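Mind docking chains B, C and D on chain A? Use the hints.
Protein chains in written order, with numbering that gives the first Met the number 0: chain A, 0 to 197; chain B, 0 to 197; chain C, 0 to 197; chain D, 0 to 197.
The hints are all genuine.
Here are the computed distance ranges between Cβ atoms for each label pair:
#, chain 1, residue 1, chain 2, residue 2, range
1, A, L195, D, D164, 55 to 65 angstroms
2, D, S82, C, L195, 33 to 43 angstroms
3, A, Y159, B, K83, 33 to 43 angstroms
4, A, G34, C, G17, 48 to 58 angstroms
5, C, K168, B, R5, 50 to 60 angstroms
6, C, L195, D, A161, 38 to 48 angstroms
7, B, S15, D, D164, 33 to 43 angstroms
8, C, T89, D, E141, 26 to 36 angstroms
Per the computed footprint, the stretches of chain D lying under chain A, defined by three or more beta-carbons under 8 angstroms from a beta-carbon of chain A, are:
#, segment
9, 101-107
10, 140-149
Since the hints were derived computationally from the structure, they do not count as laboratory data.
Being a predicted model, the structure only gives us computed values, none of them experimental.
For each residue, glycine too, the CB sits at the ideal point set by N, CA and C.
Number of protein chains: 4
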Amino acid sequence: MSSPLRPTVAIAFHSSNGHTAALAEAVARGAAEAGAEVVSVTVDTITDAQWAQLDAADAIIFGSPTYMGTASAAFHAFAEAGSKRYISRTWSDKYAAGFTISGGLSGDKSSTLGYFVTLAAQHGMHWISLGQLPGFGDANSESQPNRLGYYVGAGSQSRYDAGADAIPKSDIVTAERLGARVTEQAAIYIAGRAALAS
Amino acid sequence: MSSPLRPTVAIAFHSSNGHTAALAEAVARGAAEAGAEVVSVTVDTITDAQWAQLDAADAIIFGSPTYMGTASAAFHAFAEAGSKRYISRTWSDKYAAGFTISGGLSGDKSSTLGYFVTLAAQHGMHWISLGQLPGFGDANSESQPNRLGYYVGAGSQSRYDAGADAIPKSDIVTAERLGARVTEQAAIYIAGRAALAS
Amino acid sequence: MSSPLRPTVAIAFHSSNGHTAALAEAVARGAAEAGAEVVSVTVDTITDAQWAQLDAADAIIFGSPTYMGTASAAFHAFAEAGSKRYISRTWSDKYAAGFTISGGLSGDKSSTLGYFVTLAAQHGMHWISLGQLPGFGDANSESQPNRLGYYVGAGSQSRYDAGADAIPKSDIVTAERLGARVTEQAAIYIAGRAALAS
Amino acid sequence: MSSPLRPTVAIAFHSSNGHTAALAEAVARGAAEAGAEVVSVTVDTITDAQWAQLDAADAIIFGSPTYMGTASAAFHAFAEAGSKRYISRTWSDKYAAGFTISGGLSGDKSSTLGYFVTLAAQHGMHWISLGQLPGFGDANSESQPNRLGYYVGAGSQSRYDAGADAIPKSDIVTAERLGARVTEQAAIYIAGRAALAS
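So that you can see chain A by itself, here it is in the shape it has in the complex (with noise of 0.2 angstroms):
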């Protein structure tokens, strides 16, 4: 239960082998600095409880490798399984955002990005952007996050072949960024909400 300065943030995403958790847990850093309570969900293992925790936060940040132009299909899987809350509106004006990688630079990680807006919109959620400019210079420099030049959510990219941990840093800190991002905009909201309620 999140008190009204403290928002609560939920992570719904899938990996398949590493590299989308690797970002899901940066985001889930920048979350939990900038003040959030965060709820990190695997959407391949959802369980009951943890629909019943993304039900209750301020914000869900969707989350998962573009394979073949868009989303992995364990992530279709559970958008599809979520049309219950499309039909009773339980998601309804929570704030949203999202996050992939691929192994190509674009590799239509647009079209992902994409599907996650359309998604968050059949929901009645608002959408937060990047908010980022682009970076440049040295893919692994902390200090130029965005070096992929993404608007609507956080785009990363890593060879197939390489471990999660030869994500570049600009990418990790772009994910860190967008989970302090969502968090600083939801407090704004439910502080809004507190006070129009008092």
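Chains B, C and D only, in chain A's frame:
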């Protein structure tokens, strides 16, 4: 100048023959009734003073007809001129939403709404979804908003050779509710900012 | 095995409750009448032999309901399993097209069709557009195909609680014509390959 | 006037400061080397004679910088002026393809390419995908085309403050190959039409 609890909602739209203008009026009406101070800007004749009004708004709702699968060229010229605001991050964290109309039921209106989302994300804005389940039945019934079943924003359809008063009532109500929704959500957000600043 | 002038057109689709299957039958009918050898594959029960049929086809037409703003999870599982063909470029230069159905008039069917385009492009396939101007008037008139006004592919709409026989005739004719169009275009392409090889 | 086996490939592009023009030259070079009769049209100064050249082409390749998440306003003005061809179906069944460039690695180039697909579909054109697997390694290596990992079309990236000669060689080769691919595919198609007509 908006008081903390009365959001300023700007509508930045292009209308060629009156259809989009009729929707913009409906959005404005819904926003005003929900308590917004409304600013309407026709983007093909925008002045420096109106750019400043957009800069000062809490939310900007984009509107355009869908021509050849995207917003009108006049709207794109406005968006391109807005690149200075992109660099200065002037519109960052504002709320954004959108509406469009075309002659066909689909007519690729989804592409225009998706473009609005992308534009908003480039500015670091937050996207407010339509938040209405699809309506069914008579297109001219006021009790069935969102007859076209959009989620990202408001879509309307009317024959090109018909006047703006031929726009179905369902679409007008949908636009009114979008204006109201953006206002209500922006009111929460600015109340939160005020609460956290105090 | 197709003769040079008789294209093999495969339809790879998922249907949950019969609506998409009814459209797939219409696509097949239109393709057969235009001279195609038609292969229909339900992707959730696809066999190795059927994968080989897709590999041998001149064109593959993708079909799925639109659930939560994209193709069904079952379709996505099929597409993900197709990643081996992506690596081997087995489907490169085949023709591709798509169709989808949802309960709402829009229902984000455009997102599903856009996803099909992205999937096809990942495979290096060529996308055949719907090629029909929007129809107007009675949805059940056979003389008004493409009542929904799509361009990228065929879109259909029917209430979820109605049977597949409630799909409007306009949508059925639209699907038939898509099957015919893909066949005609593929016939030109394979005739050209034969001519250049001789 | 093209002979049946020598396709006419038109490049319709807008360039503001030379970057897109450099890519257009690469596309033209690749097309010419593959046997095309090439027509290059700068869409912001298009003449009636050039519109007629586009009407007579077997394929039209669209090119534009990506500004604020879509093609430039000048390109959109061209596309909007092309609506007469939409009504007359003049471009129906032509081949289409596209390329774009932006200052960021992603920079929402996918949105521009997706818009090109939508525009082509409105005209009833067939979309030729890039058909290149992602390259890895040195961006300036000619042996690693498609370093950015696009599929729908060709994407390039170069700093805005650098001249057009700073565009990485990988991107130039990618554009050349796109021109060659469209030519090769169009040659097959027009050979097929000739074979079926004889």
